[in-house]
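Engineer: Line order of the protein sequences matches chains L and Z.
First residue of the first sequence: 1, per the working numbering; consecutive thereafter.
First residue of the second sequence: 328, per the working numbering; consecutive thereafter.
Wrong hints could be hidden among the right ones.
[Claimed, not checked] Listed next, the stretches of chain Z that the computed footprint assigns to chain L, with coverage defined by at least 3 CB atoms under 8 angstroms from CB atoms of chain L:
1) 429-437
2) 611-622
3) 659-671
[Claimed, not checked] If you anchor each label on the Cβ, the simulated ranges turn out as follows:
4) R662/Z <-> I54/L: 52 to 60 angstroms
5) R7/L <-> A601/Z: 34 to 42 angstroms
6) R662/Z <-> T238/L: 22 to 30 angstroms
7) R662/Z <-> N3/L: 49 to 57 angstroms
8) T455/Z <-> N275/L: 48 to 56 angstroms
9) G10/L <-> A596/Z: 29 to 37 angstroms
Hints were generated in silico from the structure; no laboratory data involved.
All C-beta atoms, glycine included, are put in the ideal place defined by N, C-alpha and C.
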Amino acid sequence: MFNYILRRLGYMAVTLIIVAILGYAIIELPPGSYVEVEIQRLRNLGGNLSQTEIDAMYHRYGLDKPVYERFFIWISGFVRGDFGEAFAYNMDVGDLIWGRLGLTLMFTVGALIFTWVVAITVGVYSATHRYTIPDYILTVLQFIGLSVPNFLLALLLMVFAQDVFKMQVGGLFSSEFEKAPWSFARVLDLLNHLWIPIIVIGASGTAWLSRVMRANLLDVLNMQYVQTARAKGLHENTVIWKHAFRNAIHPLIMVLGGSLPGLISGETIVALVLNLPTAGPLYFNALIAKDMYLAGTFLIFLAIALLIGNLLADILLAWVDPRIRYE
Amino acid sequence: MTETTTPISQPHVEEPVSNVGQLSQLTLMRMRFSRNKLAMIGLVGLVIMYFLSFFGPFLAPNEYTNQNADYIFGIPTKFTFTGSDGKFGFYFHPVISELDSVSFKFIHKVDTSVTIPVKFFAKGDPITLLGFINTDIHLIGADAPYRIYPVGTDSIGRDILARSFVGGQISMTVGLLGVAMSLILGSILGTASGYWMGIADDIIQRAIEVIQSFPTIPLWAALAAALPPISQDFTVIHRYFLITVVLSFVGWTGLARQLRAKVMAYRSADFCQAAIAAGASDARIIFVHMLPNAASHIIVTAALAIPGMILGETSLSFLGLGITPPAVSWGSLLRDAQQVSVIVRAPWLLLPGGLVVMAVLFFSLVGDGIRDAVDPYSI
């Protein structure tokens, strides 16, 4: 097991290097650079820039060097924790992103927990109540949950919350708590703002995972050891939760790593709609402004988060299912 | 067999087809698919939605770019079946719009005292159908100065119904094209990876791992941000095509993975070993022995990938990174409905969202149906 983790970490390092190169290549891909966007903006304001001023701007942002040189400067800084400069903000990328990445991870993990709790409950319920009316209703809901783009769900919930509950939606705090010091009321206000994003981010994952859970449990319920457990006269709850459920949960843990990209993807776009101060809005704005160090750093950190998530999922699987042996 | 041995009806066993041995696999698959009610609903729904998209300019009463400055965020036209003379027929009530002197917003009121007949096959805005039929006939219309807006208008007075129909032309085809492209890419790379193994396999597998280690929407967004804006020499068609390329850049990886596993399994199967022993070329083994066997698998994977692509395009266009004006897709139409205040004022702006949900739902149902149908010999 220890060897396995070590080897996986080795693979991860290799993957990360390629991720970094690819990430940088993608960021370099757009025609034009931040300086050109900025020059255009200044010209629109009415100023006419001389060639020397333009050259100075290129030099100022280090964009006069060839691509590979810039990449090496950037990547060597990256390893030391210096991620370059966010042009549009005149700030170090590092100062800008930590808080936002942290919030993104918080929302993702929150959505993950929500997804699992709801999906397992719903999946077990509909498997044990197959072909009943609640099962059909849940099936319809699951199909709809898979079909609604999450930004649309965010919009709908926002309208609903604002119109029906007269709630202030969007952002992390209501305006009166925005600058207030931490207090019980502020925490309550924060929690009040968290549930919509978490439901929205987790919705499609929940719909999908509960389908998987239902199918798995149905398979397991047909096994002979379940029949044996019933024949022994065990209580139905014991049969389901102790004998069947434990064997139905493995495929879910196996797809745990695979479900993370969807959650992070969803988080970035939902954050934009709900105006959350997480990585998403900053990332998309950086892409549009061609603020490449900022966008590239985000992309790579998201990839790192996913790689770690996958590793943890695999370790969790080995821990839960003693039959699995990694060599 | 006598009549007394009629089989007792068995609810869960589908009626056996007596001539199974004589039917081709394709026929069996079709039969099985058409027995699946949900899948048939999905298929019919899709056919209707494609029809609405491509004949939408004719079905909607207005041309989709036509602006009506006097009817901003206009409410849906109210139809009625009784005319002012009490006779039965198709009529509608005109809308009176006036500028509110306090809020400086247009207030629209339905004038129920007046009824105006709806004309069928009426002359209206000039439109082009399917790219080559020029006409000015619309399914419904009204005499000037009245206009019909069945679901209302947007912020500059354009007909939402017409725009939603036309948006479907892009949104409902981008997924198909994207999947077709990832199918080609995935088939080639997946087969090569599984068939020759060795170093090619290593490189392709690492590439897949790297691509899959990015979250999809941010990766798509980064790639789409690299596309130049629409201009004289970079037209809507170019952008549309490149967006599908962007979508398939991620899409091929899943298929390649699965196909690799299949090809590896077939390699050691007897029929491939026999072909190798008979001296068949690599091309023959791949195209005659392996790919036809994997065909059903490839089709299922493709069908199940379409909904994700449609959602991807919608999300990208919603972010302003996918299909951009003047082209319309459902995602770019939803950009108008970003603020709660706008949605509350003009909820009909969400119509394209409803269409996205329906399209994705129908594609998923059909995909599930195909998956269940590809193995016609089970039961």
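Engineer: All hints, please: hold or fail.
Structural biologist: Going down the list of hints, with the structure as the test:
Taking a C-beta to C-beta cut-off of 8 angstroms, the segment 429-437 of chain Z contributes 0 residues in contact with chain L, too few for the three needed, and the coverage statement is violated. As drawn, the segment 611-622 of chain Z meets chain L at 0 residues by the rule of a beta-carbon pair under 8 angstroms; below three, the given contact is violated. For the segment 659-671 of chain Z, the proposed coverage by chain L is satisfied: 6 residues have a C-beta within less than 8 angstroms of a C-beta in that chain, meeting the threshold of three. Remark: the range hint 52 to 60 angstroms for R662/Z to I54/L is contradicted by a beta-carbon distance near 33 angstroms.
Between R7/L and A601/Z, the C-beta spacing of about 38 angstroms keeps the proposed range 34 to 42 angstroms intact. In this structure the hint that R662/Z and T238/L lie 22 to 30 angstroms apart at CB is violated, the actual value being about 53 angstroms. Between R662/Z and N3/L, the C-beta spacing of about 51 angstroms keeps the proposed range 49 to 57 angstroms intact. Between T455/Z and N275/L the Cβ separation comes to about 40 angstroms, which falls outside the hinted range of 48 to 56 angstroms.
Range check, G10/L to A596/Z: Cβ separation about 34 angstroms, and the 29 to 37 angstroms hint holds.
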